[in-house]
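*Asks:* Using the hints, put the two chains back together into the complex; each one sits in its own frame.
Protein chains in written order, with numbering that gives the first Met the number 0: chain A, 0 to 376; chain B, 0 to 347.
The set of hints was computed from the structure by calculation and includes no laboratory data.
Owing to the predicted nature of the structure, the values given are computational and were not obtained by experimental measurement.
For each residue, glycine too, the CB sits at the ideal point set by N, CA and C.
Misleading hints may appear alongside valid ones.
[To be verified] For the chain A half of the interface with chain B, some residues (derived, Cβ under 8 Å), not all of them:
no.: 1; residue: 2
no.: 2; residue: 197
no.: 3; residue: 199
no.: 4; residue: 370
If you want the building blocks of each chain, they are given just below.
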Amino acid sequence: MDYTDAPEVARFRSELRAWLGSHASLLRPAGSAADAVERTLAWHRALAAAGYVAVSLPAEYGARGLPDIFEAVVNAELARASAPPPPPIGHIAHAIADFASPELKARLLPGLLACTQVWCQGFSEPGAGSDLAGISTVATRSPDGQTLRVSGQKIWTSGAMWSHWCLLLARTEPDAPAHRSLSMIAVEMNSAGIDCREITMSTGSTEFAEVYFDDVAVPAANVIGEPGQGWQIAMGMLSYERGPADMGWVGRMSTVLAAAQEDVRTGRTPADDALRRRLAACWVGLQVLECQVQRSLARRAYQTPGAEGSLDKLLATRVEQNIYATLADLAGPAAVTGDGPVFRDYLYSRAQSIYGGTQQIQRTIVAQRLLGLPRAR
Amino acid sequence: MDIRLSAEQEMFAAAAADIAAEVSGRWSLGRGPDTVSRPEPDAGSWRTIAEAGLLSLRLTESAGGSDATCLDACIVAEQLGRHCVPAPALGTLLLLEQLRLAGAGYELTEPIATGREIAAIALSRDLRGFATEPSQAVAFDCAGAKTAVVLGDQAAFYPVEPRPSADLSRAFGELDTSAGPCRTVALAAGQDCGAADRLLSFALSLIAADLLGVMQAALDGSVAHATARMQFGAPIGSFQAIAHLAAECLVSVEATRSAVWYAAWATDNLPPAQAVLAARAAKAFASVAGVEVTQTAVQIHGGMGMTWEARPHLWLRRAHASRRLFGDEDAQYDVIARAQLGQPGTEI
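Bound conformation, chain B alone (with noise of 0.2 Å):
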């Protein structure tokens, strides 16, 4: 047993924190909801990003990729929450994923994974998985996409409009299908039978992972907000009030943490059917915690925590975001119920 990130997974982690940092640096807030920047990364952000390889993680090396482990993409995925990244890096790690489990040949991942050609995911309109039927679809991650993809025996690419979201930092949009897909790509036949649970696990753990940055960040402002702003002449963190929050907090940020490392550890390692459970206890606690934490933040900033210029409410609103996604916890609560106690009102 060792449960740490090795000394190779710190150093990846600092690299990823350092893109994170920068290209949310070249991000503005704005002075309101008409001068926000959009959540679309500038060509030299979004190269930044493709060229250090975070894209194409979990590709094979002879398809460009590096055959990283869930793990790796987990700590990606922690920094972009942490910095709420504006750039489609979350839903292009997800697109390349489905696209990989489903055999997607090297034309296609290619483009994406380079970050030449930025394509979105296709979610279900209550955002609790992958999208089958392409009228029911909504795509996210999409600022800067052009088109988003709805997977079958075809990959089946269709234009796409992002729109004003309430996560600031990263943008939901309506797909086109009047006029059918604009083109579509034959996937290799014959997946194996658990893909549909590894990509699910995968998908859980990386954005309950994303929760994880968030909360981290949330957590990291609330402690320095709380050191300098006097009251009452003293710093308000040496108030048990203030104090006794943010450690609740911390146990929020840590228990998410422990939980993501095991579920992707068990995306790599265990069957897939136990790996999703794994992940969805995860997704599960993220979700609840994600949201506590970042509300949380919103409080001890205090009323700067309500304006636009200051950052709780862009953490608070991905959480939100993030906590929709693959099914918020009641979704996962339903689905573990239904394996843990068997159908509602049914009786053995």
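Pulled out of the complex, with its shape left as it was, chain A reads as follows (with noise of 0.2 Å):
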């Protein structure tokens, strides 16, 4: 048992930690929502130029071929030092580099991973929320099996507005058995017949979108692996990019709460002793959390991350719902008769039992893939 970091992760560390302080200008908070977005991808741009994205993928796609656990360091760094997370492609660029042919992945990994060019991912549908292989939009291929032709709708649709490209989850197979039915396709998003509509969220944020198709030309060449191979694409990446990201997680959290405690330390905030036990049972629970996240994300240097990453969610989860409940009652009354980041941040929390598979949907996972409970009839 070791909890220690080996000294090519130490070095690579304390490298990141130089990086980041010598490049703290690209950090200042942006003015209106549109220079946000523009700011976060040009420090997603800096990022990749510095090589700090997608650290783990094989050296020939121009990365540097690392374990996971250093995904992992650049998330929790990032979040040390108060920095945008980087860029949440790791998935993407594993699902291209370990199934499309050699052709697609030389015209889409460099401008993956250079940041220029953006991706989002249109797997949820209105229609398929847990439910991923009931979804219903459509790839039809031509006569001449050239050109698919897309019709559907997706939701949910991070950045969407912003992206160039789309890693898209449709039926290419109508006629196979519902799992081996779907294909992972990339598309353009300039292409005709795309529409993207902004959805406003309840904390009035609009990263999200609907992303409407009709009858959009798409290259059959750009299928990503086998056609009818999307399911199991889609599901070995819903597993990767857990562990690394939960570790800046992790990270983000622990400054918020560190921002309270210090405010009540020294006397700004008010907490009587109900809400000094609440913020301690606050850290301790972050504590558990790291320590979980730690073991999973070394267990992934001799095992494929599998059911046990819903373990994780469940009770990252608890932590982080239980942190910003706390914090808003920290805050009092003020925390409903304003208008204050307090709320928002609260009833952002929500979130996190509902995407990325729903508390239910994984506490069936946990129940069904770890524990060997019978599956309902």
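*Replies:* In structure tokens, the structure reads:
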């Protein structure tokens, strides 16, 4: 048992810290929402140019070919520096690298990894949320087999408004069983027939969109992997991104909690004994979550991530929702008498039990796949 | 970074589990409060535990021990909890660690480490720490013990009387301080300044590991019951209402395991004050989770879970006792809050 960084991890971490220290100017908060998007994209390009994007991708693609733990270090250090998170493209990059044809890889990976081409992910649909295999977007092959024509609607597509590419899950093999009937397709967002509409979240943010596909023509050569392999690729992707990103999440919540602790310590925010205990319980939860996430990351050195990721997600849900509910209560009546960030952050935390597989879906995965409980008939 | 048990540790855990199951198997829950066995081991069981070296783990090799890590001790504690072992092994591990860190000599530790003599630890009445004042002490894990030990400049042994406790697998007891100690042994002076924190982080880690074992047993029992028990023509574990309860229990068990491993590693590898904080976190989390998981086990077992002959109450009882040992979650939160937020009501 050893919780210390291996020498090469420690070296990578200190290099990254030094780089972050000398690029602090990139981290200034933005003014308008549009400004914020442009600053985030510029941040991603700077990270990519310095070689800190998708560091676990093999060296043949121009990446560093490092173990997953290094991805976690990037996430953790960016959180520690209060920098925006790295672009969430590791799972897309791995899907393309592992499954796409050599021609497609050569066409897609350079822009993706340099963050000059922005990608979004078109999986969920209005009628297919938790039941992802039930999607109804179809991609029909033309008689000559050269073109796919895509029709349907996607939803919860982060960053669709400013993306160049969409990684689209669509039904291409209507006669095959549900899990073999889907394909993963790279679709250019400027194709004729694509319409994006912003979704305003309950918090007021507009990072999500609905994307409509109306008979959109896509080259059949843009299918990633074999036709019908889409479900398999999607499932691999969903378990991939968890661990490293969790580490950044822990770091960000630690920063938020530390600020609240400091406000109480200096007397800026009054806290009675009950709130002091709740703050301590928040810290305990975060400490335990960090231990759990570290253990899951370390496991990746000798085991492919699987259903265990659901445990981390369920624990993260408990911890995050407890923290933001506590911070809202710490603010007292001001949380509701004004329109400040405390209530918005609390509201946003309610999404933790919904996105990336709802709490209920995660519990079912844990019950059936980790505990071996019988399936419902 | 390598966060898993080594092959040797896995084997050690399996061996400890076999012994724990064997000792537990010789004990009977009976049919009610009048027929339950006392949590006192028979001579054979106690010899088995001692001869396997489970009591002397933390002593140096020259003192007859195996220089084991805190993690090794936690591996044993998890199995003691998992099988609700009715023998004062946990208390003995704590006592020997207390004596070791106080510089006790071979003649004091040897009879206890080899199982020839059973002595109990003495805790403060609020159970939050080791006793310093004999008249304000309560003995823990004292089934089979003749004496309980209060440590100061010397180790003072007092006669002890076990009493029936809510926890059926371990006994609390009263120290008889009326005639003063029946025996005192001088301790080597000049213990290092971190010793108190080191002892505390060891104790907190060990009790959190005991809770981990109890929770694991409660979850395993619940899954087995939910798989076998049929209602509405289906195993109840196929209903989401039951399955989701069990799933959250596994989250609690694995999170506790992660926290215990880190606390145990920290106890041996980090500065004492940092290790205590990690151990307090593990103990606070395990105290909440331990009660939640064992209560859930009662619920999943349904009416059977409320009968004497079924095990869920045994787990629930032990979880509540361990939750209190060295401070429940609120006790830990209060200390953590003072460290992180300053004294209540003070403004800087």
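*Asks:* Each hint should be assessed against the structure and marked as holding or not.
*Replies:* For each hint, the structure was consulted:
1. With a least beta-carbon distance of about 6 Å to chain B, the hint placing residue 2(A) at the interface is held under the 8 Å criterion.
2. Interface hint at residue 197(A): violated, since its Cβ lies 35 Å from the closest Cβ of chain B, which is beyond the 8 Å cut-off.
3. For residue 199(A), the suggested interface contact is broken, since its CB lies about 32 Å from the closest CB of chain B, more than 8 Å.
4. About 5 Å separates the beta-carbon of residue 370(A) from the nearest beta-carbon of chain B, less than 8 Å, and the hint is met.
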